[in-house]
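Between the sequences and the hints, there should be enough to build the whole structure, so can you do that?
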Amino acid sequence: MSPVKKQKPLILVVDDNAINIDLLVNALKDSYRLGVAKNGQGALHFAKKNPPDLILLDIMMAEMDGYEVCQHLKADLYTRDIPVIFLTARSEPEYKAKGFSVGAIDYITKPFHTEEVKARVEAHLSLRKARDHEIEIAAKIQKDLLQGRPPENVQGLQVGLLTQPSQKVDGDFFDFFNIQDQGFDLLIGDVMGKGITAALLGAAMRSHFLKVLTEISPVTGPGHLPEPEDIIDRSHTAIIDKLKELETFVTLCFARVDAKNSLLSIVNCGHMRTIHYEADAQKCRLIHGTNMPFGFPGNSPFKKEVVSFKDGDLFLFYSDGLTEARKPDGSFYGEKRLITFLEENAANDAEKLVTLLWKNIVAFKQSEVFQDDLTCLLVKIDAAHEKSKETLYTKIEIQSDLNELARVRTFVNDICEKIKDRKLSRPVSQIVLAANEVVANIIKHAYGNQPKNRILIDAKQTATHLSFRFYDWGEQFDTQSVPLPVFDGSQESGFGLYLISKSVSDMDLRTEENGANCTTLTINITEV
Amino acid sequence: MEIISEKVNGITILEVETDTLDAANTDAFKDKILPFLGENDQIVLNLSAVSFVDSSGCGTLLSCFNRMKKKGGVLKICGVQQHILEVLDLIRLDRIIDIFKTRDAALKSF
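Same order as they appear, the protein sequences are chains Y and W. So the first sequence is numbered by the numbering used here: it starts at 577 and just counts up by one. So the second sequence is numbered by the numbering used here: it starts at 17 and just counts up by one.
Hints should not be assumed to be uniformly reliable.
To be verified - Derived lysine to aspartate or glutamate pairs resembling EDC-like cross-links, with alpha carbons at most 16 angstroms apart:
{"no.": "1", "chain 1": "Y", "residue 1": "LYS1078", "chain 2": "W", "residue 2": "ASP105"}
{"no.": "2", "chain 1": "W", "residue 1": "LYS46", "chain 2": "Y", "residue 2": "GLU1068"}
{"no.": "3", "chain 1": "W", "residue 1": "LYS85", "chain 2": "Y", "residue 2": "GLU1068"}
It should be emphasised that the hints constitute simulated quantities derived from the structure, not laboratory data.
Structure follows, in structure tokens:
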């Protein structure tokens, strides 16, 4: 993506006197972009819609005077960081003092010299620039360091990520947690307001979630993820006082994508509606959030929505920077256009889709310069997803009799032959040999050659593994106690375990809770 | 399981008439082959009918070889299918016993 071009700073001149406006505009027009407002209301409206880098504000105006304008500016999250220089005919110290007390950074008395105005504006802008630069670097570093990485190799799911930082730091954040074989959690959010506070708070939100997850996980135990609404509840409790203190709030959306059960659980707290493209209907539907943003009291209990999905479905999570991207004529990109885009392009894979989306937005906006951060996470349910599910083969039961070995070999051989469209990492003959050795070991050692004992064998296949499990109810076998065989010809037995280890990708032996010994042979599978 | 013997130029060729040599039949195999080992000094074991050998089978082959070596005789093997050869390689049997692709090659080596 191309680097962002810096524009000239924007100065807002606020005065109800046409002559003063002319003077100031003439003095500043060569070096700056200029906005003009002839009264307080106009100034506030302008500043909010198009935040300037500096405001030159006349004090004595009809209706709303400069002090009041300044107070309004300082009370608003969007405008409170804009430097204000007062222009006034009053030079008494108490007027000046009042100006500083409402938040101005400087004070120029009329009649003014244009050179002085230019020098002061420039001095304050460069001061501000230097300060902003340092803090922006700090905020950007913090943001980048904590930037979430999209999960890779999650079975049945593709993730596309589109981020475009704006010219100013702001409060978009996202992260991925609890990444597993067949699913993950994602978090996307936006801190209200712009600037350093928002950026740092965005970074802080992510570490808060991480902290909550580490605290909560031992309670739920391994393999059991905490519920999304509990994660949200705890994170909210942890941060609400801080948000109140900073007089800000955060919209966010936490989603758990579970490809194993084809379910998306989502807790949306005032964030943009998640778009769900349904491949069957070739239409998008919106997942509405019912919770208030973080920072609002009385939010708990948080409500979770659960949506089922199918192959080819898409979920799009995004920040308002996307839909609020504007054309030069001021019109927004909007949710409707986004939905149309997804419905027309859903067949592409996730990465391609976000690239196309980026091109679509830039073409609409006719610019790659963004006022707001643009963040967009796209999750696509892989069409190959069905294949990644587990296949369980019919199990067989045999007696503890060495004459049963032939049946074991046929069973293993037949299953290996079924996996034709994929590639086993080991030759079938070796897999058959390993299975033979396991069963022979069980009969000879676990059952001490005693007949009429049971051995149960099953097989399981996923996208990446084929495994055979052998259950017996005999003596436990400690593989560690078996010495490595000697290969000088003097030793005529004891090669079994060694042959197994050389013939499969992995061997595992454990005792189940019901007392059965379970030997598992795993063979890796690669796509042809 | 049958073992058919044939004598060529004083060398005994033993055709092993079984498709597997595993833990289930190694005892039967030993019973059948021991008399031949006792009566002959130069033996070629033809395994071309065998399509599966497990660790017990390997152990038995090694045991036969050692028995011959002990009494000053020779035992060589021929006709081993490729996937079985890989198993024998794994436990380095190929470094101890002379293994030949064909019966003729084994006979010529004496």
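Status of the hints after comparison with the structure:
no., hint, result
1, LYS1078(Y) - ASP105(W), "holds (11 angstroms)"
2, LYS46(W) - GLU1068(Y), "holds (13 angstroms)"
3, LYS85(W) - GLU1068(Y), "holds (14 angstroms)"
This entry satisfies every hint, going by the numbered hints stated previously.
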